[in-house]
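S.K.: Start counting the sequence shown at 1; every next residue gets the next number (UniProt numbering).
Heads up, some of the hints might be wrong.
[What the hints assert, rightly or not] Straight-line alpha carbon distances no greater than 25 Å define the calculated SDA-like cross-link-like pairs of lysine to any residue that follow:
1. LYS67 to VAL50
2. LYS139 to ALA149
3. LYS155 to GLU136
[What the hints assert, rightly or not] Distance windows between CB atoms, simulated:
4. ARG156 to GLY119: 32 to 42 Å
5. GLU136 to ARG66: 35 to 45 Å
6. LEU146 to ASP88: 36 to 46 Å
7. ASP83 to ASP131: 43 to 53 Å
8. VAL18 to ARG100: 31 to 41 Å
9. ALA82 to VAL50: 49 to 59 Å
10. GLU111 to LEU145: 42 to 52 Å
11. ALA138 to VAL50: 12 to 22 Å
12. ALA138 to ALA82: 20 to 30 Å
No lab work stands behind these hints, which were simulated from the structure alone. Where is the CB? At the ideal position from N, CA and C, for every residue including glycine.
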Amino acid sequence: MSGVVGGLVALVAVVSVVLPAVLVVRWWRSWPETPSFARPRPAVPSGDLVPDPNAGFFVDRGFLFRKRDFFVATGCPPVRIADLPSLDVRRRGRPVLVARVGLRSWWWFEEGFYRESAGLREKDVLALVRDRERREQAKRDRARLLSEAEASLRKRAPE
1 MSGVVGGLVA LVAVVSVVLP AVLVVRWWRS WPETPSFARP RPAVPSGDLV
51 PDPNAGFFVD RGFLFRKRDF FVATGCPPVR IADLPSLDVR RRGRPVLVAR
101 VGLRSWWWFE EGFYRESAGL REKDVLALVR DRERREQAKR DRARLLSEAE
151 ASLRKRAPE
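Based on the sequences and whatever the hints tell you, model everything.
M.R.: Right under this line is the structure:
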């Protein structure tokens with residue numbers, strides 16, 4: 001009878017050590033859930049640099065509540081970022097590649113995130129962002145001038 005009791009005690013001891021160890025390992029490797037907008041989609045190389053309004057960083061607490069930084073974007077499941085403060089400093093002066101999933105790449109520059117699937121380099125991204133800014137400024141200027149011209153015509157027209 002003591003052999004059975006000894007076996008049960010040994011089994012309970014092994015389970016009480018192994019089970020917590022397995023749970024700790026699973027928790028350590030746990031990954032945040034992927035939002036629906038971030039599920040991978042097929043990419044078609046188009047050469048376009050597109051702003052991604054869904055892109056951003058979030059913090060997750062892993063094993064022993066250790067802080068982990070993740071990047072998530074449209075078509076990009078959570079990607080762990082090793083050194084977010086360094087990226088934050090560098091993105092103020094030049095585009096920084098944040099993540100690459102399949103053919104798609106996500107860039108962070110100044111206040112925006114951009115995605116592309118044409119394999120652009122840093123200088124290409126910078127040129128395309130500056131071109132987009134110039135076109136948007138020209139569009140605003142044109143709209144302002146047209147508005148002023150219409151207001152001027154209304155003042156001259158007899159009622």
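S.K.: Now look at each hint and say whether the structure bears it out.
M.R.: Results for each hint:
no., hint, verdict
1, LYS67 to VAL50, "violated, 30 Å"
2, LYS139 to ALA149, "holds, 15 Å"
3, LYS155 to GLU136, "violated, 29 Å"
4, ARG156 to GLY119: 32 to 42 Å, "violated, 55 Å"
5, GLU136 to ARG66: 35 to 45 Å, "holds, 41 Å"
6, LEU146 to ASP88: 36 to 46 Å, "holds, 39 Å"
7, ASP83 to ASP131: 43 to 53 Å, "violated, 30 Å"
8, VAL18 to ARG100: 31 to 41 Å, "holds, 38 Å"
9, ALA82 to VAL50: 49 to 59 Å, "violated, 26 Å"
10, GLU111 to LEU145: 42 to 52 Å, "violated, 27 Å"
11, ALA138 to VAL50: 12 to 22 Å, "holds, 20 Å"
12, ALA138 to ALA82: 20 to 30 Å, "violated, 39 Å"
Taken one by one, the earlier hints fail for this structure at numbers 1, 3, 4, 7, 9, 10, 12, listed in ascending order.
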